[in-house]
Amino acid sequence: MVSAVDTLIFGLLLAVALVVILVRTRWIVLTMFFVGFLAVGLLFAYHVTSVLDLSF
Amino acid sequence: MAETGKLTVFLGSTRIVVPEPSKPWHRLMGRLGFWAQVFFLVAYIGVLSTAMFYFQFAQAEMPCPLCILQRMGMMLSSLGALFIVSHSLKKTLTPSGFMTGLGMAILGAMLGAAMSTRQILLHILPGDPGYGTAMLGLHLYTWALISFVVVMAFAGVLLTFGTEFLPIAPVSRWARGIVWVVVVAFVATIAINLVVVFFEEGFNWFLPDNPTTYELIGFTPTPAPTPTP
Chain S
1 MVSAVDTLIF GLLLAVALVV ILVRTRWIVL TMFFVGFLAV GLLFAYHVTS VLDLSF
Chain L
1001 MAETGKLTVF LGSTRIVVPE PSKPWHRLMG RLGFWAQVFF LVAYIGVLST AMFYFQFAQA
1061 EMPCPLCILQ RMGMMLSSLG ALFIVSHSLK KTLTPSGFMT GLGMAILGAM LGAAMSTRQI
1121 LLHILPGDPG YGTAMLGLHL YTWALISFVV VMAFAGVLLT FGTEFLPIAP VSRWARGIVW
1181 VVVVAFVATI AINLVVVFFE EGFNWFLPDN PTTYELIGFT PTPAPTPTP
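Which chain is which? The protein sequence lines are S and L, in order.
The first sequence maps to residues 1 to 56 in the working numbering.
The second sequence maps to residues 1001 to 1229 in the working numbering.
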């Protein structure tokens, strides 16, 4: 089973890029973009594992 | 309703004006708007290629998970320029599509800026050597934050002008050919990153915090990097 999340997200971004170039319908482009955006955001949230010991 | 050089439509109480680029300076700004988007793409292709081919391959520095995420942020942001450039070349770009592209660029840059800010703050304390090699006195994640801020400023400036910088694609075959090469190069950049990160990650769920080995083939590059967490 393929389980490499970063690789899968790059695959998703590749698919989004092809949709952006080839598809004219704006809502399809936007939906794909936000799916990619959400996937990258969730991976970022996974890697933010602790609150930094800093005062702002 | 047609005015001189403009098409005006009323949607409810909103007046939508689509200018026709009739004056020489209008066409100049349109061409500038097009090539600015192409430059945006070329700049990020250059940044992503330098990070991969120079720092990762030549310097044997393995990118950390946040580094990979920042590459994704740059790609997300560039998708906006890709949308504008490719549809402008195909003559399918509308004023609202232009705004969609700039919005995508801003959103991608915001996410990328959050990632690079996180990595800067991880290494902000005095005495921390940072992650990886510095370039011109700044680490790559700091340069990444600068690039994301530049993208947001770039898109903001274009949006304040409204439709003045609506791209006008070139008509000559060689110029259009060069731009299509840039579009293909951007797609290839994503594809190459996909392969490289697959070699680095293997079939593990996620990248380790301090990667030292290409997990797929069990290869540790020499000299092995000694990054600080």
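One or more hints might be untrue.
[What the hints assert, rightly or not] Which stretches of chain L does chain S cover? Using the computed rule of at least three CB atoms under 8 Å from a CB of chain S, they are:
1) 1067-1079
2) 1098-1111
3) 1134-1141
4) 1182-1195
[To be verified] Cut-off 25 Å, straight-line C-alpha distance, at most; resulting in silico cross-link-like pairs (SDA-like, lysine to any residue):
5) K1091/L <-> S1172/L
6) K1091/L <-> I28/S
7) K1090/L <-> E1164/L
8) K1091/L <-> V48/S
9) K1023/L <-> L1007/L
10) K1091/L <-> W1143/L
11) K1090/L <-> T1220/L
12) K1091/L <-> L38/S
13) K1091/L <-> V19/S
14) K1090/L <-> D1128/L
15) K1091/L <-> F44/S
16) K1090/L <-> V5/S
17) K1090/L <-> G41/S
18) K1090/L <-> F34/S
19) K1091/L <-> V1182/L
20) K1090/L <-> S50/S
21) K1091/L <-> R1027/L
22) K1090/L <-> V23/S
23) K1091/L <-> L18/S
24) K1091/L <-> L1138/L
[Said to hold, decoys possible] Pairwise CB distance ranges (calculated):
25) L30/S <-> F1039/L: 43 to 49 Å
26) D53/S <-> V1171/L: 57 to 63 Å
27) T25/S <-> M1110/L: 23 to 29 Å
Please keep in mind that the hints were generated in silico from the structure rather than gathered at the bench.
Virtual Cβ for every residue (Gly too), placed ideally from N, Cα, C.
Going down the list of hints, with the structure as the test:
For the region 1067-1079 of chain L, the assignment as covered by chain S holds, since 7 residues bring a beta-carbon within under 8 Å of that chain's beta-carbons and 3 suffice. Coverage of the region 1098-1111 of chain L by chain S holds in this model, with 5 residues showing a Cβ closer than 8 Å to a Cβ of that chain against a need of three. Judged by the Cβ-Cβ criterion of 8 Å, the region 1134-1141 of chain L is not covered by chain S as claimed, because only 0 of its residues qualify and three are needed. A stretch counts as covered by a chain when three or more of its residues have a beta carbon under 8 Å from one of that chain; for the region 1182-1195 of chain L and chain S the count is 7, and the coverage holds.
At most 25 Å may separate the alpha-carbon atoms for a hinted pair to count; K1091/L and S1172/L meet this at roughly 14 Å. A C-alpha spacing of about 18 Å is found between K1091/L and I28/S, which places the hinted pair at or below 25 Å, so the restraint holds. Of the pairs offered as hints, the one joining K1090/L and E1164/L holds, with about 20 Å between alpha carbons and a cut-off of 25 Å not exceeded. A distance of roughly 42 Å separates the Cα atoms of K1091/L and V48/S; the hinted pair therefore is violated under the 25 Å criterion.
Distance check on the hinted pair: K1023/L and L1007/L sit about 15 Å apart at the alpha-carbon level, within 25 Å; holds. At roughly 35 Å between alpha-carbon atoms, K1091/L and W1143/L are farther apart than 25 Å, so this suggested pair is violated. With a C-alpha separation of about 45 Å, the suggested pair K1090/L and T1220/L falls outside the 25 Å cut-off, and the hint is violated. Using a Cα cut-off of 25 Å, the hinted pair K1091/L and L38/S is violated, with the two alpha carbons roughly 30 Å apart.
Distance restraint check for K1091/L and V19/S: the Cα-Cα separation of roughly 16 Å lies within the 25 Å cut-off, and the hinted pair is therefore satisfied. Taking the CA atoms of K1090/L and D1128/L, the gap is about 50 Å. The hint is violated against a cut of 25 Å. A hinted pair counts as satisfied when its Cα atoms are at most 25 Å apart, and K1091/L with F44/S does not qualify at roughly 36 Å. Distance check on the hinted pair: K1090/L and V5/S sit about 34 Å apart at the alpha-carbon level, beyond 25 Å; violated.
Annotation: proposed proximity of K1090/L to G41/S is violated, straight-line Cα distance about 31 Å (limit 25 Å). For the suggested pair K1090/L and F34/S, the alpha carbons sit about 23 Å apart, so the restraint of at most 25 Å is met. Between the alpha carbons of K1091/L and V1182/L the distance comes to roughly 17 Å, so the proposed pair stays at or under 25 Å and holds. The hinted pair formed by K1090/L and S50/S fails the criterion: a straight-line CA distance of about 47 Å is larger than 25 Å.
For the hint pairing K1091/L with R1027/L, the CA-to-CA distance comes to about 15 Å; that is within 25 Å, so the pair holds. Distance hint between K1090/L and V23/S is fulfilled; the C-alpha atoms sit about 11 Å from each other, no more than 25 Å. Restraint check for K1091/L and L18/S: satisfied, since their Cα atoms lie roughly 17 Å apart, inside the 25 Å limit. Note on K1091/L and L1138/L: the hinted pairing is violated, with a Cα-Cα distance of about 41 Å set against a maximum of 25 Å.
Between L30/S and F1039/L the Cβ separation comes to about 24 Å, which falls outside the hinted range of 43 to 49 Å. For D53/S and V1171/L, the Cβ-Cβ distance of about 58 Å falls inside the hinted range of 57 to 63 Å, so the restraint holds. Distance hint for T25/S and M1110/L: a CB-CB separation of about 25 Å, consistent with the stated range 23 to 29 Å.
The structure fails to meet hints 3, 8, 10, 11, 12, 14, 15, 16, 17, 20, 24, 25 from the earlier list, while all remaining hints are met.
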